[in-house]
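Protein chains in written order, with full-length UniProt numbering: chain A, 1 to 842; chain B, 1 to 104.
Keep in mind the hints are simulated off the structure, nothing from the lab. Treat the hints with care, as some may be off.
Restricting the straight-line Cα-Cα distance to at most 20 angstroms, the calculated cross-link-like pairs of lysine to aspartate or glutamate (EDC-like) are [unchecked claim]:
#, chain 1, residue 1, chain 2, residue 2
1, A, K790, A, D581
2, A, K790, A, E614
3, A, K527, B, D14
4, A, K717, A, D761
5, A, K464, A, E498
6, A, K527, B, E62
For each label pair, taking beta carbons as the anchor points, the in silico distance ranges come out as [what the hints assert, rightly or not]:
#, chain 1, residue 1, chain 2, residue 2, range
7, B, E89, A, G60, 17 to 27 angstroms
8, B, T78, A, K453, 44 to 54 angstroms
9, B, V26, A, G207, 25 to 35 angstroms
10, B, T78, A, P79, 15 to 25 angstroms
11, B, T78, A, E729, 56 to 66 angstroms
12, A, D103, B, E89, 57 to 67 angstroms
13, B, V26, A, Q189, 55 to 65 angstroms
Quantities reported herein were computed from a predicted structural model and do not represent experimental measurements. Quick reminder that beta carbons are idealized off the backbone N, C-alpha and C, glycines included.
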Amino acid sequence: MKRRLVLIGNGMAAARTVEEILERGGGDLFEITMFGDEPYGNYNRIMLSQVLSGEEDESGIFLNDLSWYEENGISLRAPVRITRIDRFAKLVYGDDGSSTPYDILVVATGSRSFVPPMQGIYREDGNLTPGVLGFRSIDDTREIVRLAGQHRRAVVIGGGLLGLEAARGLQSHGVQVEVLHAAGHLMNQQLDAPGGAILKSSIEALGITVRLNARAVALRGEHHVEAVQLDDGTEIEADLVVLAAGIRPNVDVAVTSGFTVERAIVVDDRMGTADDPDVFAVGECAQHRGEVYGLVAPIWEQARVLADHLTGARPDARYHGSRTTTKLKVAGVDVASMGITAPERDDDEFVVFSEPRRGVYKSVIIRDDRLIGATLIGDVKKAAFLIQAFDRGLALPEERVGLLFDLGATSAEPSVADLPDEVQVCNCNGVSKCTLVKTVQEGEKTVSGVMDKTKAGKGCGSCKSLVRQIVEWAAGDEVQADPAEHYYVPGIPLAKPELMSRIREQRLYSVSAVFAALAPGGNEDAKSKMGLTSLLRTMWPQDFVDERDGRFINDRVHANIQRDGTFSVVPQMKGGVTSVDQLRTIADVAEKYQVPMIKLTGGQRIDLLGIPKEDLPKVWADLDMPSGYAYGKSFRTVKTCVGSDFCRFGLGDSTALGVAIETRFQGIESPGKVKMAVSGCPRNCAESLVKDIGIVAVEGGRWEIYVGGAAGAHIRKGDLLTTVDTPEEVLTISGRFLQYYRENAKWLERTYAFVPRLGLDHIRAEMEKDAAGLDERMQQTVEGYRDPWKEGREPAVPGQFRTSLPLISLPQVPVRDGSTALGGRAGRSTTADPRLPIPEGR
Amino acid sequence: MTAVSTGIVLGAVDEIPPGEGRAYQVGGRTIAVFRLRSGALRAFPGVCPHAGGPLADAQTDENVLICPLHLNTWDLATGCSRSGQPDLEVVRVHEAEGQIMIQI
Ligand code: SRM
Ligand SMILES: Cc1cc2nc3c(=O)[nH]c(=O)nc-3n(C[C@H](O)[C@H](O)[C@H](O)COP(=O)(O)OP(=O)(O)OC[C@H]3O[C@@H](n4cnc5c(N)ncnc54)[C@H](O)[C@@H]3O)c2cc1C
Ligand code: SF4
Ligand code: FES
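With the rest of the complex left out, here is chain B (with noise of 0.2 angstroms):
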């Protein structure tokens, strides 16, 4: 069965690095896409709450991301805040056909 998606698409999953991240542009926003070394695509706003940074120039691991500018980090699953920040906005991210899927 093939599973039938809406969304946008933002361009190939190839296109990030396995562990690395990359930032689109999606209308008047960032969206920092994370591709986890165990397949897994994460996706969140790409400016840091703290004090603007790139967030998709972060380090990740399967849990956590952390900033590049302060080292904050946060909870890939959730979005919240492990030192403190606010919480980021989970934007909802998803595989389809070798692509890369959002839902905003």
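For reference, chain A alone in the conformation it holds in the complex (with noise of 0.2 angstroms):
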């Protein structure tokens, strides 16, 4: 009969012990039960500092989701929180009032931020002062973000590695943000007193305040905070506090339950508990040998190390501690360091470089040869070499100053050749060198396959390129790429030539009709059909089946989705150039609809945001304009400036020409957006270098034309295609080029990324071999044009503009009504009249 194995917690290191388990074919020995007190099934806490950031999506975090657990037969119980252990009984009771026999228990319950005792902290309820908060879970992380939309100073007690991350997270929402530490320098468990200096500079660059030798005893504010005061009586305003001054094991069930608790629960060699054989204890609420770890790569070797029990795999296999190393996640700013931060011993070597005006700073300690100490500031190339030397006790070059920098051809850095099997490769989640070889050996060629098989990569990510180069070695020629990476759309094994082929040979008109020839098994893929629609269209500008479900929400009602499921919509007004008459109707249309918002977009045009789906066909009738496109993986706008018909420096009409461009171009479906402009002289006023494709007129009457510009999530400068004569060329050559580029580019690659993926000179010349079909194609793209908001209103399905909201809890986009947004409140971010003087200490 299988033993009834619990574990309580459904951190990282719950979830690993039971996938060590799994692996080990624990699924056949025991009946597993995890508890936690989170509502969720398993997630990578270390990302929370990348999801505050807004670098990765909250869904991107997700270690195991819920099909995991029933897949394996593991009973999640979410949210229960375990209150007492009954050793004798061999229960654990829930705070959901259950109790649940086990013959195996793990305590598995990890830390929670340390709350500093300070007056104020707490209100009368025992609850944190609202505006408080620390972080550690995804709520903490969810809240954050909230308050952080809504307040404009935060404060964050705590300068080590988490505060950092938070406070970096926290100003990439626009909060003014100011880091407390109370040591004398930033992540001083980590750093000396130099590199933490210097680390200080570059945290300051980025526009984060930082307080030394800050002290902060009580929070001012009674029903929100407001203020953090420091022992020297200074007062710092904040309405958002978040607490990174450290972490405290979880333990309260372990003491209570009368289990050996120091400063966390103490166990052996095997991760067993003190006090009872049957029950373990693993990550962040264990002690062992005297040591707490608050970081990942120590829990992966203690839940091989207790799977090897549980399972009786290695019965003799024993956790000896771990040597662990630590990098800050701040974009921008690099540190890496391990072991002690300064030397102790007299005979210690101790080689220091400091460049601060750079924010460069490397140190190496080592003692009898081996290095047992290194940090590494702003420039962090030798961190992969370093932290092997550290971990293995590599032998090291003569020349010390080989350890922080490349020396040429004497560069003592191992290839991925010589690096040792047992290697950790990614300290995330411990996958070792041998770990990869093997997965390779075992079939797996491609390197993103390997990541998946072995999860090396998915933490932190800053192995992934280590990862290839091992995964490249090791698969030798036979290395493949991933095939899917090539495929036009996930769906479809093809990538985008070989799948217009059979498009075309096939004549298959539609998408179901794609699915149907071309997909495995003729397996609809709802995440394929958007990318197909968009094909298709461009394929056959005339006989192209329109399959309403092929396309995205914005798509069927010619408008864009917005967060609370209202849409947005921007009329068309080419080049940025309107009249009284546009305006005049847009007024009217504002005004009746009772638009709560009326903004000039980004694209020189005018935003009518928060219109209910079932109004969208009255607007557009009464606006009489056509659509603007501002939902689409279309063409887009056309900035202008002024240009020479207004501008003392006008080389050429540039208002002219953009509204000729966006006349031809406008609505045209492509595999990623398509955004222009035209300047009149190269102070590029309308921003040409940075657009996909951009004009400027230069001395002589001649056009440059740019393209693969970009300033929004990337930024790359445009290259020069051609320069040209005459508006009429413009217009050509832009269309020969948006042509090729859909037709060739992958689906949402972006020009940014399309024209270095191919080269200039390769777009150059394929775009001449082909000129008079290219242009041909374009035509005929042009003429079978139809504006959907005249089109569009009549329904072109049943419902298709009927709501798809509860009637209920609309709206939740707040009104900003002229009056207000311009006179009282300038939006949300501001809460005091901005016209008024700026109130001291802000």
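Given two chains presented individually in distinct reference frames, assemble the corresponding complex, making use of the accompanying hints.
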């Protein structure tokens, strides 16, 4: 019969322990139950920093979703908090009133944020004062993000790893951030004082204020925090306070249930508790040989040892403690550190390089020819080598400076071939070189496949390039590019050129025809529909059979969906030029439909935001203007400057050309958005150098055409495609490039990726080779264009404009009519009247 | 033999174009009903558990639905999240003589 294995905690240690147990065939030995007091499956806590900073989406950090528990027969009981263990009856009691028997119990309760003793930090009911938060869980992170949107000034208490990551994350939400750190330099656990000082300037260069030797003793604010008070009487205004002053192991259950607890639950080398042979502890709640770890790498080692024991795979497995290395996950500020921070003995070698102006600091500490400590700030190129030298005690180069810099050919850096097998490559998920190599030998020859199977590179991501190198080395000639990487859409195993030729040969005019003919098993794939719709429309401007379910909601109703399920309407305003009539009509419509916000967009037109779906056709009819296509993967706008008609520097009529371009290419579907600009001179007031296609008038009546520029999520200066003599040529060449892009770019690949991928020379040559064909196909497309707002006033399919919203909870987007936006408060981010002098202390 | 069914009739199946979804108001609740291309019907609460997105505006295939706001996905058969979100309650739905009928 299976034994009952119960885990308290559903965090990183618990889940890893279960994974290791399953890997050792434990699924047949145990009936597994996991209790977690967070209402989620298992997620990668270390990525919360990236979630806070917006670099990662919340859904991207789940390690095991609910189906994993199901597939492995694990019963997940969440959110249930275990309140007591009865060792004698072998039962755990939950706060839902349940009692659950176990044969083997694993405590993996982790830690919580330390709440420093400060006056006013708790309210009378024992909760934290509103506006004060820890930074530990998804819920904390969500709440911080929510509050960051409402407040202006945040204080982070604690200038360690977590505090700095929290500060950077907060700042990305536009909040002014001050870090209070009690010690004399930042990250004092990992850095020495000079290193800390250099880090401080790098952090301050990001716009974050740092206050050292700052002991926060009290909070002011009755209903909501208003300020933090320091021991010297200073008061720092804050409407949001994030606590990052350390963590405390969650040991209450163990204490009340009679286990030996010092700083954390005391365990032996088998991860067993001192008090009960059937109860074990792993992770941050465990204390092993006096050490309590706050990082994941040691936890992976502990989980392996525990799994070896529980499954009997290796009864002699022992945990001997870990050497830890840390990395700061703040974009733009690289810090890696390991071991001790300063020499301790007279004969310790200490090699330091410091270049404060560039924010670079490097030091190593060597004892008996072994690396026992290292710090890298600002330049972490040597981190991989140092971490290995530190972990493995590798021989060090005679010339010590080789530890800090790559010295040409004499570099001591081992190639991947020389790395010892056991070296841990991914420190987040504990994957060693030999595991990677084994996975390759077992037949997985793609980098992404190996990463999926081993989870290497799926933590903080800093080891990805090393993983790639090792896989490529291990697979040798057999290394395969991940085929799916080249599919045009995920559901059909073909790259774009093959897909296009099959569609052409078999005359497939609709999305469902493509699935039926080309998808494995003829199966539809929701994630592929939008890309196929776009491609078919490009290929068959006339014959395309439109299936509405192939479109994303925006393209079904010709408007952009908003966070509250309403839509935005952006009428066409060619080249950013408008007229009294247009403005009056827009004003009338906005008034009639009580549009919550009227806004000038970054694309030089007017956005009517917050329109319910059911009103869209009426709004279009009343506007009687064409769609501006602010919602599609399509040609968008042409920004222009005033140009030669009015500007004293103008060399060409940029406005007229912009209007002409927009008239020609309006609404044309493309793999990604296409944004254009025309500037009247190289001063470039329309920002032509950072557009998908940008035109600049130059002396001599000529026009430069730039392609592949961007200034959104990605910044790139466009490449000069060519210089032409007339506006007509601008239209032809832009159209030719646009058509080439439409036919050859991957789905969602913007020109800033497309142009460098193929290379400008290649693109030029191809455009020349097929000039006539490209021009002709573009002409067909232009002629086939129909404005969706003019045609779309009668529903194309039943219920096209029926609301999808619950009727009760509208509106969620705050209404900002002209009077409030322009008079009282300029939006949500300011509570004070922006016209008044700024109060002191802000 | 005619099947006898009980439940609430929401409207004609034809009101939903193949492959799309539509929202229906039932008492105080919004229910999103999807008509798959195979003809099968699926129904769930209309409000996305992630951040309140309008699920009836989702894209679907035979297996999953994708919320329009942040592209989280759910299994159409079980309502289970495939991207770490809370699961969706499955609302029982079937077609009876051309009408959409649900049981709640
Ligand atoms: C309305 C507008 C902001 C504004 O109030 O000014 C806007 C609003 C949105 N932008 Fe933008 N972008 C707007 C100008 C820009 C610009 C500036 C420009 O066009 O000159 C950029 C940088 C240029 C560029 O495109 O690279 C810009 C770069 C982005 C990006 C990043 C694209 C990239 O790959 O770098 C996204 C995300 C995406 O496309 O996946 C995005 C996505 C969005 C979306 C559509 C997000 C979404 O999917 O819902 C926003 C819709 C908000 C809404 O609820 O309606 N928006 N966005 C601007 C509309 C311009 C217009 O009239 O068409
Ligand atoms: C923002 C952030 C960034 C980090 N970055 C890094 C990094 O870059 N590198 C690194 O190595 N480490 C990092 N860490 C630390 C790392 O996340 C932890 O070391 C790791 O999560 C500890 O795992 P654990 O399972 O012991 O605890 P946890 O992951 O905290 O899991 C414990 C779980 O048990 C639950 N629980 C507690 N008590 C009970 C109870 N009585 N009943 C039921 N459930 C209970 C908790 O709610 C929690 O879900 C970071 C941590 C944070 C918060
Ligand atoms: S409008 Fe653009 S920049 Fe602003 S929040 Fe939306 S996507 Fe981000
Ligand atoms: S609201 Fe549905 S995925 Fe975010």
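Verification of the hints:
1. A/K790 x A/D581: holds, 18 angstroms
2. A/K790 x A/E614: holds, 16 angstroms
3. A/K527 x B/D14: violated, 25 angstroms
4. A/K717 x A/D761: Given pair A/K717, A/D761 holds - Cα atoms ~17 angstroms apart, limit 20 angstroms.
5. A/K464 x A/E498: violated, 30 angstroms
6. A/K527 x B/E62: holds, 12 angstroms
7. B/E89 x A/G60: 17 to 27 angstroms: holds, 25 angstroms
8. B/T78 x A/K453: 44 to 54 angstroms: With Cβ atoms ~26 angstroms apart, the hint is violated.
9. B/V26 x A/G207: 25 to 35 angstroms: Distance hint for B/V26, A/G207 is violated at roughly 51 angstroms.
10. B/T78 x A/P79: 15 to 25 angstroms: holds, 21 angstroms
11. B/T78 x A/E729: 56 to 66 angstroms: holds, 58 angstroms
12. A/D103 x B/E89: 57 to 67 angstroms: Between A/D103 and B/E89, where Cβ atoms are some 35 angstroms apart, the hint is violated.
13. B/V26 x A/Q189: 55 to 65 angstroms: holds, 57 angstroms
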